[in-house]
Amino acid sequence: MDERPISPALKILACAMFIFLLAPLIVVVPISFSGDSYMMFPPSSWSTKWYPAIFADGKMVSAFWTSLLLAFVVTVLSLLIGLPAAYALVRLKPRGAEFLSSLFTAPLLLPTIVLGLAILIVFSGYGLLATFQGLVAAHLVVTLPYAIRVLSTALATLPIPVEEAAATLGASPLTVFRRVTLPMMRSGIVGTTALCFLVSFDEVVLSLFMTGPRISTLPVAMYHRVEQQADPLVAALSVLLVVLTLVVVLVVDRTSGLAKTFVK
Amino acid sequence: MSAVAPAAAMPAPLPAAERSSGLPLVVLLLLPIALVNAFGFLAPVFNLLRMSFYESQATGAMVEVYTFATWASVLRDSFYAELILNSILVSLGITLMTLVCSYPIALYLHRSSGTWRTILLVLVISPLLTSAVVRTYGWVAILSENGLVNNALGAIGIAPLKLMFNKTGVVIGLTEILMPYMILALLAGFGRLDPRVEEAASTLGAPPWKVFRHIVVPLTMPGIALGSLLCFVLAVSSFITPKLLGGGRVFLLATEIYDQAIVTLNWPLAATLSILVLVIFGGALVLYTRALRAIM
Numbered sequence: 001m002d003e004r005p006i007s008p009a010l011k012i013l014a015c016a017m018f019i020f021l022l023a024p025l026i027v028v029v030p031i032s033f034s035g036d037s038y039m040m041f042p043p044s045s046w047s048t049k050w051y052p053a054i055f056a057d058g059k060m061v062s063a064f065w066t067s068l069l070l071a072f073v074v075t076v077l078s079l080l081i082g083l084p085a086a087y088a089l090v091r092l093k094p095r096g097a098e099f100l101s102s103l104f105t106a107p108l109l110l111p112t113i114v115l116g117l118a119i120l121i122v123f124s125g126y127g128l129l130a131t132f133q134g135l136v137a138a139h140l141v142v143t144l145p146y147a148i149r150v151l152s153t154a155l156a157t158l159p160i161p162v163e164e165a166a167a168t169l170g171a172s173p174l175t176v177f178r179r180v181t182l183p184m185m186r187s188g189i190v191g192t193t194a195l196c197f198l199v200s201f202d203e204v205v206l207s208l209f210m211t212g213p214r215i216s217t218l219p220v221a222m223y224h225r226v227e228q229q230a231d232p233l234v235a236a237l238s239v240l241l242v243v244l245t246l247v248v249v250l251v252v253d254r255t256s257g258l259a260k261t262f263v264k
Numbered sequence: 001m002s003a004v005a006p007a008a009a010m011p012a013p014l015p016a017a018e019r020s021s022g023l024p025l026v027v028l029l030l031l032p033i034a035l036v037n038a039f040g041f042l043a044p045v046f047n048l049l050r051m052s053f054y055e056s057q058a059t060g061a062m063v064e065v066y067t068f069a070t071w072a073s074v075l076r077d078s079f080y081a082e083l084i085l086n087s088i089l090v091s092l093g094i095t096l097m098t099l100v101c102s103y104p105i106a107l108y109l110h111r112s113s114g115t116w117r118t119i120l121l122v123l124v125i126s127p128l129l130t131s132a133v134v135r136t137y138g139w140v141a142i143l144s145e146n147g148l149v150n151n152a153l154g155a156i157g158i159a160p161l162k163l164m165f166n167k168t169g170v171v172i173g174l175t176e177i178l179m180p181y182m183i184l185a186l187l188a189g190f191g192r193l194d195p196r197v198e199e200a201a202s203t204l205g206a207p208p209w210k211v212f213r214h215i216v217v218p219l220t221m222p223g224i225a226l227g228s229l230l231c232f233v234l235a236v237s238s239f240i241t242p243k244l245l246g247g248g249r250v251f252l253l254a255t256e257i258y259d260q261a262i263v264t265l266n267w268p269l270a271a272t273l274s275i276l277v278l279v280i281f282g283g284a285l286v287l288y289t290r291a292l293r294a295i296m
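Residue numbers (the working numbering), protein chains in the order written: chain C, 1 to 264; chain B, 1 to 296.
It is worth saying that the hints were derived from the structure and are not from the lab. Take these hints with a grain of salt, some might be off.
[To be verified] Chain B regions said to be covered by chain C (calculated; three or more residues, Cβ under 8 Å): (1) 40-50; (2) 79-88; (3) 100-107; (4) 131-142; (5) 147-155; (6) 240-251; (7) 274-280.
[As the list claims (entries may be wrong)] Subject to a maximum C-alpha distance of 20 Å in a straight line, what follows is the list of computed SDA-like cross-link-like pairs (lysine to any residue): (8) K93(C) with I160(C); (9) K11(C) with G114(B); (10) K11(C) with R111(B); (11) K11(C) with V211(B); (12) K167(B) with L234(B); (13) K162(B) with A23(C); (14) K11(C) with L193(B); (15) K93(C) with V27(B); (16) K11(C) with P207(B); (17) K11(C) with K210(B); (18) K93(C) with T157(C); (19) K49(C) with T66(C); (20) K167(B) with I88(B); (21) K11(C) with F212(B); (22) K11(C) with P32(B); (23) K11(C) with I88(B); (24) K49(C) with R225(C); (25) K210(B) with L193(B); (26) K11(C) with I119(B); (27) K11(C) with L121(B); (28) K11(C) with V216(B); (29) K93(C) with P32(B).
Remember, predicted model here, so these are calculated numbers, not experimental data. For each residue, glycine too, the CB sits at the ideal point set by N, CA and C.
Generate the whole structure from the sequences, applying the supplied hints.
Quick look at the structure:
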C-alpha cells in the first residue's frame, strides 16, 4: 500500500552487491569438484576425488570429531548454565540484575583476539592450554552471553498468567518450570542451541590460541591448511560445512523463525 | 501428592517466602555463570592489564616487576606508530567500502516484503553463520594468481593483477566478510524512513538522486552510524582474513598481537598492543556518540 516501488537502478545495484556478498561461498562449489592437484579457477579438469580425500586425511577427521564433540559439550553446558541464570535474572530480579546481565554479556564486547590472548595467559598457568577442558572453558566464555541474551528475551516475553494459573492449580514451582515455562520457551531454547552450536563449531580465533599439536579443531586445522597450501580439499570441506550450516539454519527457521531472531 | 501442600500455602505467604528463600536460590542459579565469567573473563582481562606492565626478556621469560618499559617502547618506536595508524586507516577504508556495498542491499530489503524478503534475509545472514576461514578461502580462489579474476583477465589478454598478499586483498575480503553486520545494522536503523516523505518530495518535483541525498540518507543516518561503528571495531580486531589474504605482508594490530603472543612469545608486548586496540575502540565509541548526538 504505502510501499515505495523499487527503482531499476536499485535493483541492479542490490543484485550486484548480492553477487559480491555470496561470491566466496559460490566459488568453492565448482572448486570442490576440481581435478587439479592445486587450486585454480576455473579448474582445468573435473573430479570428485577431493570429497573422499577429506575422510582419508587423519588430521581433518580427528579435528572434525573434536569440533563436533566440543560444540556438543559447549552447547549442553551453555543451556545448563544459561537457563538458570536467565531465569534468576528475569524472574527473581535480584538487586543489580541489570548490572549482572551486562557483566555476563560483556565478553562479547571484547574482540576475540584480545580475549584469546587474555585467556591464553591465564590458562597457561593452570596447564589448560591444548586440552579439551581448556577449549570448553574458552568457548563457554563466548557462547554464554548469547545464551543469556536469547533465553532472557524468551523468558521476558512469556505470558506470566499461564504460570500463575498452573501454580494456583497446585503445581510446585519446579513442576511449573518443567511443564509450563520450558515448553513455552521452546523456540528460544532451539535458537540458543543452534546459536551456541554454530558459534562454538565455527570459533577459530579463540581456538587458535588454545590449540596445539596435540589437539586441534576443524576451523583451526582448515586455517593452517589454507595458510600452507590452499588446495581444493578445503573447498570440498567448505561445501560440506556450508550445507551443514544451511541445514541448521533451515531447522531453526522452521521451528522459531530465523529472521525474527536477528531482525525485529 | 505433595503438590497439594504448597498449593494450599501458595497464595498468602508468597512474598515473604520469596524474600527469605529467594536470595540463596538466586545465588545458586547465578553461581555457575559467575564462575565462568570470573575465571574466563574478569581474571584474564585484569591479568592482561597487569601483564602490559611486566618486563619481558629476550629469552621469552617475564619478570614480575612493574615497569613502563613496554609501554614506552611501543609509544616511542615508529614501527608501532605506523602499525597503529595503518590499522586505523585500513579499517576506516574497509568500513567505507562495506557501507557503500551494503547500502543498496539494505535499502532493497527494506522496500521488499513477504517470502522474497525472508529468502534474501536468510541469504544475508547465512554468510554470518559460515566460518570466516571458509569465506576467506573463497576469496583466495577469486583473487589468487590462478584465481577467477586473473584467469578472466588473462582470457581477454590483460596482464594479471596483484590482488592477494597485499592490502587490496585484505580490504576486499574483509569488506565482504563484514557486509552482513552492516546490512543488519542499517536495516535496524531504517525504521524512520517513511515512504510517504519520499513520495512527497518526488511529487514536489525532486529528481530521484535529490530524494536520495536529501531525504533517504539523512533519515537513515542512525543506521549508518551504528553499522560503521560495528564494522570499524570488527575490522580493527579481525585477524583470520588479514593473516590469510595478507600472507604476512600486511601488518596490522591484530596480526601483530597474535605473532607476539604465539611466535615471539613476548606477552607483555602483546598485552600492551591489545590494550591499544581497546583504546581505539573507546575512541570510536566516543566519536559514535558524538555523531549520534549531531544527527538526532
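Hints and how they fare:
| no. | hint | in the structure |
| --- | --- | --- |
| 1 | 40-50 | holds (count 7) |
| 2 | 79-88 | violated (count 0) |
| 3 | 100-107 | holds (count 5) |
| 4 | 131-142 | holds (count 12) |
| 5 | 147-155 | holds (count 3) |
| 6 | 240-251 | holds (count 3) |
| 7 | 274-280 | holds (count 3) |
| 8 | K93(C) with I160(C) | holds (14 Å) |
| 9 | K11(C) with G114(B) | holds (17 Å) |
| 10 | K11(C) with R111(B) | holds (11 Å) |
| 11 | K11(C) with V211(B) | holds (17 Å) |
| 12 | K167(B) with L234(B) | holds (17 Å) |
| 13 | K162(B) with A23(C) | holds (19 Å) |
| 14 | K11(C) with L193(B) | holds (18 Å) |
| 15 | K93(C) with V27(B) | holds (11 Å) |
| 16 | K11(C) with P207(B) | holds (18 Å) |
| 17 | K11(C) with K210(B) | holds (18 Å) |
| 18 | K93(C) with T157(C) | holds (15 Å) |
| 19 | K49(C) with T66(C) | violated (24 Å) |
| 20 | K167(B) with I88(B) | holds (13 Å) |
| 21 | K11(C) with F212(B) | holds (15 Å) |
| 22 | K11(C) with P32(B) | violated (50 Å) |
| 23 | K11(C) with I88(B) | violated (33 Å) |
| 24 | K49(C) with R225(C) | holds (18 Å) |
| 25 | K210(B) with L193(B) | holds (15 Å) |
| 26 | K11(C) with I119(B) | holds (16 Å) |
| 27 | K11(C) with L121(B) | holds (16 Å) |
| 28 | K11(C) with V216(B) | holds (16 Å) |
| 29 | K93(C) with P32(B) | holds (17 Å) |
Comparing the model with each earlier hint shows violations of hints 2, 19, 22, 23; every other hint is respected.
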